[in-house]
Amino acid sequence: EAGVVQSPRYKIIEKKQPVAFWCNPISGHNTLYWYLQNLGQGPELLIRYENEEAVDDSQLPKDRFSAERLKGVDSTLKIQPAELGDSAVYLCASSLGAAGPTGELFFGEGSRLTVL
Amino acid sequence: SQKIEQNSEALNIQEGKTATLTCNYTNYSPAYLQWYRQDPGRGPVFLLLIRENEKEKRKERLKVTFDTTLKQSLFHITASQPADSATYLCALPTDSWGKFQFGAGTQVVVTP
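From first to last, the protein sequence lines are chains A and B.
Per the working numbering, residue 1 is the first one in the first sequence, and the count goes up by one each step.
Per the working numbering, residue 1 is the first one in the second sequence, and the count goes up by one each step.
These aren't lab readings, by the way, just hints derived from the structure by calculation.
A quick note: this is a predicted structure, and the numbers were derived from the prediction, not measured.
We put the CB at the ideal spot given by N, CA and C, even for glycine.
You can trust all of the hints, since none of them are fake.
Which residues of chain B face chain A? A few of them, derived with a C-beta cut under 10 angstroms, are:
{"hint": "1", "residue": "Gly41"}
{"hint": "2", "residue": "Asp95"}
{"hint": "3", "residue": "Lys99"}
{"hint": "4", "residue": "Gln101"}
Ranges of calculated distance between the beta carbons of each label pair, as one might list FRET restraints:
{"hint": "5", "chain 1": "B", "residue 1": "Asn53", "chain 2": "A", "residue 2": "Pro18", "range": "40 to 50 angstroms"}
{"hint": "6", "chain 1": "A", "residue 1": "Gly85", "chain 2": "B", "residue 2": "Ser8", "range": "19 to 29 angstroms"}
{"hint": "7", "chain 1": "A", "residue 1": "Ile12", "chain 2": "B", "residue 2": "Val45", "range": "19 to 29 angstroms"}
{"hint": "8", "chain 1": "A", "residue 1": "Ser7", "chain 2": "B", "residue 2": "Pro40", "range": "14 to 24 angstroms"}
Whole structure, please, built from the sequences with the hints as guidance.
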């Protein structure tokens with residue numbers, strides 16, 4: 001079974017440019033997460049979806065970040081305009097959520113963003 | 001505010017020895033705690049979950065303990081191997097619906 005798929009793996013842009021990341025979760029996983037991870041730090045939650053509904057976006061900088069999960073499957077995270085401080089790894093994860101026995105998160109490989 | 005602390009310094013150990021990592025938390029009363037492994041350039045991978053009513057959990061060479069009084073979990077890698085070299089993260093649920101907060105992780109380096 002395929003795991004969580006993210007693209008692109010790497011992206012280099014100049015500041016003020018837009019960027020978008022795509023995530024395809026594991027089939028049947030209703031819960032989808034976007035995390036941000038800085039070097040030497042643990043993942044920090046940006047937004048969590050239950051199906052197509054964003055149930056927790058309190059840590060998403062809404063002035064420049066946006067996300068969507070159309071039809072409750074794939075998700076896109078967008079940054080516009082990007083700032084130097086946005087350089088980080090953006091991780092997508094999916095899970096069975098509260099319905100799962102362990103709440104285990106399945107992570108993708110991440111999208112590494114470098115803003116110049 | 002809720003806080004999770006893991007050893008920030010890398011743990012360097014010799015092959016065959018036991019590595020012990022700590023995860024301390026404050027202002028939480030988690031029903032369970034998770035441990036993940038993260039290799040460089042990869043996403044975290046789930047290893048173990050331990051519930052509040054479990055004192056100890058084992059999986060192959062891994063052992064996790066959970067002391068809700070001390071607000072601490074210990075993660076042990078016994079008979080360590082160079083392939084165990086990675087960063088290990090603990091994660092706690094912050095609600096009942098699948099929201100998790102992660103520690104910063106501890107890097108383990110196992111030398112032959």
